[in-house]
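Full structure from sequences and hints, please.
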Amino acid sequence: GNSVTQMEGPVTLSEEAFLTINCTYTATGYPSLFWYVQYPGEGLQLLLKATKADDKGSNKGFEATYRKETTSFHLEKGSVQVSDSAVYFCALNNAGNMLTFGGGTRLMVKP
Amino acid sequence: GAVVSQHPSRVICKSGTSVKIECRSLDFQATTMFWYRQFPKQSLMLMATSNEGSKATYEQGVEKDKFLINHASLTLSTLTVTSAHPEDSSFYICSARGQTNTGELFFGEGSRLTVL
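One line per chain: the protein sequences are B and W, in this order.
Residues in the first sequence are numbered consecutively from 1, following the numbering used here.
Residues in the second sequence are numbered consecutively from 1001, following the numbering used here.
No wet-lab data here; the hints were simulated from the structure.
Be a bit skeptical, because a hint or two may be false.
[To be verified] Partial list, derived from the structure: chain B residues whose beta carbon lies under 8 Å from chain W: (1) 39; (2) 42; (3) 43; (4) 44; (5) 48; (6) 89; (7) 99; (8) 102; (9) 103; (10) 104.
Even glycine gets a Cβ: it sits at the ideal position worked out from N, Cα and C.
Encoded structure:
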């Protein structure tokens, strides 16, 4: 079956630090991969996505590259801000409407 | 982009009462919507898949008589938590598939239910 594994949080960083949140997946075929972000008290928002191997999704300074050889989709940002504090979810969609989510990683950015 | 709206965003109710949460796709038609539940500091758990005009498909372990789902139109799905208990307190989120085939889902803002 499909599964997504994320690094456990919380991840605590100082402002302007470099961020990496690891995500690996297990799936048959060629899933689409997503990062969703959930700000405090809000619902999920799509942050970025990649639909095929070697694609790079990017948005708001965040990037993630679809690596089929390592079955990974790590999220990175060169310089985090306090406003990036949120919970980040890695997810995959494999030939269907349903998403399989990772456990979520809480990011806390301190000024 | 596609917009999905949930209402209410917060609801507090007494134990034993029923609560209805609405999920609307505002600018697109959604033949399929999904209901998730999120416990504190945990990931989303899919509860059920809601199909317009037919019965919802529930995930294993989800009580269909307790969590009633109705998808009466292409833009509205409702989740009714019947005879709510404190352990039903949670964050409920709906989503609907967009009109492209990339698998992207659009999520509502979520509804936080607190059962006293």
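Going through the hints against the structure:
1. Given hint, residue 39 (chain B) at the interface with chain W, is violated; its Cβ is 11 Å from that chain's nearest Cβ, farther than 8 Å.
2. Proximity of residue 42 (chain B) to chain W holds as hinted, the smallest CB-CB distance being about 6 Å (cut-off 8 Å).
3. Here the hint on residue 43 (chain B) is kept, as its CB sits about 4 Å from the closest CB of chain W, short of 8 Å.
4. A cut of 8 Å between beta carbons decides the hint on residue 44 (chain B): the least distance to chain W is about 4 Å, and the hint holds.
5. Here the hint on residue 48 (chain B) is broken, as its CB sits about 11 Å from the closest CB of chain W, past 8 Å.
6. Look at residue 89 (chain B): its Cβ gets to within about 6 Å of chain W, closer than 8 Å, so that hint holds up.
7. Because the beta carbon of residue 99 (chain B) sits about 6 Å from the nearest beta carbon in chain W, less than 8 Å, this interface hint is met.
8. Taken as an interface hint, residue 102 (chain B) checks out: its beta carbon lies about 6 Å from the nearest beta carbon of chain W, inside 8 Å.
9. Contact between residue 103 (chain B) and chain W, as hinted, is supported at the beta carbon level, the nearest pair being about 5 Å apart and thus within 8 Å.
10. For residue 104 (chain B), the interface hint holds, since its Cβ comes within 8 Å of a Cβ in chain W; the closest pair sits about 5 Å apart.
Checked against the numbered hints given earlier, the structure breaks hints 1 and 5 and satisfies all the rest.
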